[in-house]
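Please model the complete structure; the sequences and the hints are all you need to start from.
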Amino acid sequence: MWIETLIGLCFLAAAVVFVAPDRHAGKLAFWLSTLPLALSLYLYAAFDGSGNALLGGDVAYETRFEWLQLGPYAVNYHVGLDGISLPLVVLSTVLATLAILSAWTPIDERQSEFYGLMLFLEGSLLGVFAALDFILWFVFWEAVLVPMYFLIGIWGGPRRKYAAIKFFVYTNVASLVMFIGFFALVFGLGDAIGSTGLPEVAQALEAGQLGSLGPLGPEAVAMGAFLALFVGFAVKVPVVPFHTWLPDAHVEAPSPASVLLAGVLLKMGTYALLRFNFTMLPEQAVTLAVPIALFALVSVIYGALLALAQSDLKRIVAYSSVSSMGYVILGLVAYTVYGVGGATFQMVAHGLISGLLFMTVGVFYNATHTRMVGDMAGLADRMPVTAGVFVAGAFAYMGLPLMAGFAAELFIFLGAFESTVLPGAPVFTAVAMFGIVIVAGYLLWAMQRSLFGPYRLETDYEVGPAPLQDVVPIVTLVLLIVVLGVAPDLFFEMIRDASLDVVALGGEP
Amino acid sequence: MLEAVPVEYYLVLSAAVFCIGLFGVLTRRNALMFLMSVELMLNAANINLVAFALYWGELTGQVFVLFTMSLAAAEVAIGIGIILVLYRNYDDVDVTDATTMRW
Amino acid sequence: MFAWFFQFAPAIAVLPFVSFLLALVAGRWLPRKGALAGILATGGSLLLSLGVLAAVVSGHTHEQTLYTFVDAQETFSLTFGILLDQLSAAMLVIVSLIAFLVHVFSLGYMNAEGEPGLPRYYAGLGLFSASMLAFVFADNLLMAFVFFELVGLCSWLLIGHWFRDPAPASAAKKAFLVTRFGDYFFLVGVVAVLVTFGTAQFAGADGFPALAAEAIDAGESFFGLSAEAWVSVIGLLVLGGVIGKSAQFPLHTWLPDAMQGPTPVSALIHAATMVAAGVYLVARMYGFYLLSPTVLGIIAFVGGFTALFAATMGVVKNELKQVLAYSTISQYGYMMLALGAGSYVAAFFHLTTHAIFKALLFLGAGAVIVAMHHDEDMWLMGGLREHMRVTYLTFLAGSLALAGIFPFAGFWSKDEVLFDTLVVGLEQPLLLVAYLMALAAVFVTAFYTIRMVLLTFHGDPRTDVAESPHAVGLSIKAPLVVLGVLAVVAGAINLVPVEKLTGLRVSFLSSFLGSDRGLLTHNAHYVDLRTEYAGYETGAIVSEPVTVLLGVALGFGLAIAGAVAAFLLYRDADPVRHTERLGSIHTLLVHNYYQDEYQVWLAEGLSLRTARAADTFDQGVIDGAVNATSSVSLLSGDRIRRVQTGVVTNYAALVVLGLLALLVGFALYGGWF
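Chains A, B and C, in that order, are what the protein sequence lines are.
No gaps in the numbering here: position 388 of the first sequence is 388 in our numbering, and each next residue is one more.
No gaps in the numbering here: position 12 of the second sequence is 12 in our numbering, and each next residue is one more.
No gaps in the numbering here: position 276 of the third sequence is 276 in our numbering, and each next residue is one more.
Derived from the structure by calculation, the hints contain no laboratory data.
Using N, Cα and C, we set each Cβ at its ideal position, and we do this for glycine too.
Certain hints may be false.
To be verified - Simulated restraints, written as ranges between beta carbons of each label pair:
id, chain 1, residue 1, chain 2, residue 2, range
1, C, 661, A, 5, 33 to 39 Å
2, C, 629, A, 191, 57 to 63 Å
3, A, 217, C, 217, 30 to 36 Å
4, C, 616, A, 161, 44 to 50 Å
5, C, 629, B, 81, 43 to 49 Å
Stated by the list, open to error - Just a few of them, taken from the derived set where beta-carbon distance is under 10 Å, the chain A residues facing chain C:
id, residue
6, 69
7, 72
8, 73
9, 172
10, 337
11, 415
12, 445
13, 451
Unchecked claim - Some residues of chain C that are not near chain B, with every Cβ distance over 12 Å (derived):
id, residue
14, 117
15, 210
16, 236
17, 542
18, 587
19, 624
20, 632
Okay, here's the thing in structure tokens:
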């Protein structure tokens, strides 16, 4: 009953906050959000699962009962956590609580609605990571879009309507493609499965029970499904060239929403890629290893180059997310323990780091009302602590050792380099690693232009240090990033354990 | 037993009534004429139902006709209401006037 | 009995780290804004390092895994550990000594001037010392990389200390970026080592240098390359990081700019931490480099070339710290040359003496800069020796050491580098070329060093400030004196020429580094490897003593010649700017051979333009396609909705037409006609 309590708490808190008066909403939401946070930390501490949830592992906190009958297939309410999903659950609750705290300063209208939507978003995100039945998972997957649409559309910047609609329509079209892909698999499996449960589908596919679908043979069905799923998730990740919704959404979204968007929403895409494409259809993934790795490379290098060309801090971080998520794809396609595990670890690490950077940019914006690097020169003079945190975040992003980003990138590079399923793996890895130079370039340059040099922002009020409620969440995140960077095994151990079976699927060529 | 009228006759009658109604719907602009034309079409359908009920010796069709008639009555009530509102707003009962709700 | 110190060895790095944390969190409330904490911490590190050195000298070594970073039994684990052998123990003493003296010096240089941001400064200094010390005792390549990068971070923090000025902020960025470019190759190398050998341990029979030697012996192949070729590739990749950090050509451009940082930081960076890290890394994994003669040749050639190349630029500089910056690049070139020539001892010897005299020179320059109210142009100085006896004498000692004048420390180490290169070069033409370049650099070095001394301290004062300089305090003088004495006597730790000519056992460093401690990191092992894998043979001119004498005569003669030339040109009370008479060569040198220009062009011109083009492409084509999809949908929707006229009659007509069309369709399909 743990996961129901966890998700239920979020939705309940959302309902309570939604009807609470505006002036109390922020504090109420923060304190209520610490409940799921505490619970998720307890779940982490008491975690006793082992193996991969989809491949017959020992699932922790599992609940399963029949919900609906859909034709020949039972739709179960089936949730549970394994070593891959638990870190993401913890990431979601941590970031949600901190994002709510960081919203106290900037959000000054329709507060109860804002915080209600944030909590609703948190609950849906937790559902995505915990669900083990496709229909249930899909419900949460789509439910995530709704609060985010409103968060961007109501509290966003000047072009918020454009951004919100672009975000919603783009990802929704992708969901459609993905949905078709998955049901091709379900119908292709035919009588081999009795429900839409993800473990059942994955194990039936592993047992080779995929049949023909109309004129298409099993091979073609699997390949078609793989491509449809890949495209569907690639939009969410986002992989170049499906990335253009991201900078618009980030620039227009209010900073606390950006934190969850970059920190957790993007991870839904890579999480789903791992769960569906790389766990259910490993043969196709191995066949397509080179093109997938090329997509990853292009995302890494091209995303970093785009970030270099921007002058809006949020756009810089947004494009660099594209770059970082490229590493995740590279790690996944390697089919090694360090690769797949590192990719999952990168999801957590990048969630914390990009969340930190968006939050810090938000703090700057609260004080200066600008995000353009050219406008805010010398800000370190007026906001030393926030500037220091931004420096820490930027170096974490550059993969400074003993911070989470380095551990994640190192694991991915190790895993990708030793990959046996990807031809020319060392070359791919070496090229992708050049991203760490470009990322240093644009972040250092951005810092030089925005934080250093003589202070010259002209405002009709005094720009001073950020209030405590803004500083606490960003400092907390820095500490978390350092802790994970020094002791990655806090998460990496369970991630490795859950990745082993996936890696075995890739097999030797 | 009296020699029954063949069912085709009814069908021809029904088709004729229906076409008259359809012609009315397609050409008239007066809302009242419109309503009457719709009634004609409904009743054409009723003729069909009754005819086939006789032909098959079943009562289902006749029961359906009862429903259709009550539906037609309700439709007239609402239709007249709409026409009254139309007249109040446009001082006319021309159906081509009220086009503001299209997009 | 000294082995007792080993259990406290981690504290050598932990102490400065604690001072970093203290200064970071509570620096505002600490006495002297964190300076005292830093001094105590580095002082403690120095004592512990001395204890460790004593333990190693008495025949013990220590290798221990301290922390398992990733415990991945199913593939390979990543660990952090501590390796205390001759090399690391000696280096720990050097680093902690310089760090300690720099902390003391900062008390007079930074605190006395009432600088803002002192806690930040001391936090940076503490982390810098801690990272470098941890880098030095790292027992594997991954840990070395980790702290190598942290050293880079600290250099960024400290070079950009005065961030309110645009120049330091820009210099810090450049330093980090250029070294990051080198570190990129290093990281690829680390990954390659881990993946290839499953371990990154430096020492022992299961360390990666030993495993690589085995792989070469067994004729294995990796990733489609033979073991030799693969070892060379990895060696070159790691060398990228070395060239970046040790400021070797072509990645030397960050170092002169890094002079924007506070002068004590420059001393730390140049003498013992960041720049030394590169050379130290090569020495640390020397057993690996000796397996690949190709890479050794490249190291030697880069070193020799850099030694000469940087020295020539030092000749025309007008700012005190700029001269020193180019001399640093040049001197690290010597160390690289020695490593490339297979002379592990000479490289480390020069690293040691250079650490001493370069720290001395920078701290001396710092004293001068304080006296000159933060003016660095040597043409505004002159005659300072009258007012600053201590600074003058110690600076002179450091300068003579740098110039390689007998009997100062630099003479002995530079001579050993040159001699070892010469004997190998007699059999290897490439190394002989490198040797000749380094030999030419001796002349140039002596010239610019003496020029610097003369312009700064001799002649008549050329400005009012130089006539009545600001007095400097004890915390500035004390480190100068310590280092000044060392700069005179430190050469005595390895008097190889004396031993070769007289037979006295006075090459203490050689025998220390050479003794076998079972870790395969001693010089005797390296000499074996050098013969076996690198295929280096040594030659002699006539006989060994003759060669020794010839080497000494050449090196010392050129140094004296350079010094005399500078003395003759600049001894006047009001010297002339002779270098400007060089014309176009002067322009070339002042512009640093246009190395900055092309690198800035690469970074800004090329990358930024590519990025802008990519952005245009992204907004225009990729996002254009997305927006086009939506525009087409909207436009076609707008057209199609016009079917909705709002006239019921039209809808009815459409329905009828549709019905007819369906009927006709069914009729045709069903074959009714």
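Cross-check of the supplied hints:
1. C:661 <-> A:5: 33 to 39 Å: Since the Cβ atoms of residue 661 of chain C and residue 5 of chain A sit about 59 Å apart, the hinted range of 33 to 39 Å is violated.
2. C:629 <-> A:191: 57 to 63 Å: 39 Å, violated
3. A:217 <-> C:217: 30 to 36 Å: 52 Å, violated
4. C:616 <-> A:161: 44 to 50 Å: 25 Å, violated
5. C:629 <-> B:81: 43 to 49 Å: About 45 Å separates the Cβ atoms of residue 629 of chain C and residue 81 of chain B, which means 43 to 49 Å holds.
6. 69: Violated, because the Cβ-Cβ distance from residue 69 of chain A to chain C comes to roughly 36 Å (cut-off 10 Å).
7. 72: 32 Å, violated
8. 73: Violated, about 33 Å.
9. 172: 13 Å, violated
10. 337: Check passed: Cβ of residue 337 of chain A comes within 5 Å of chain C, closer than 10 Å.
11. 415: 9 Å, holds
12. 445: Holds. Min distance 7 Å.
13. 451: Since chain C brings a Cβ to about 7 Å from residue 451 of chain A, closer than 10 Å, the hint holds.
14. 117: Answer for residue 117 of chain C: holds, closest chain B Cβ roughly 65 Å.
15. 210: It holds; residue 210 of chain C is separated from chain B by about 80 Å at its closest Cβ, greater than 12 Å.
16. 236: 69 Å, holds
17. 542: 105 Å, holds
18. 587: 74 Å, holds
19. 624: With a cut-off of 12 Å, residue 624 of chain C remains clear of chain B, as the shortest Cβ separation is near 28 Å.
20. 632: 19 Å, holds
The structure shown violates the earlier hints numbered 1, 2, 3, 4, 6, 7, 8 and 9.
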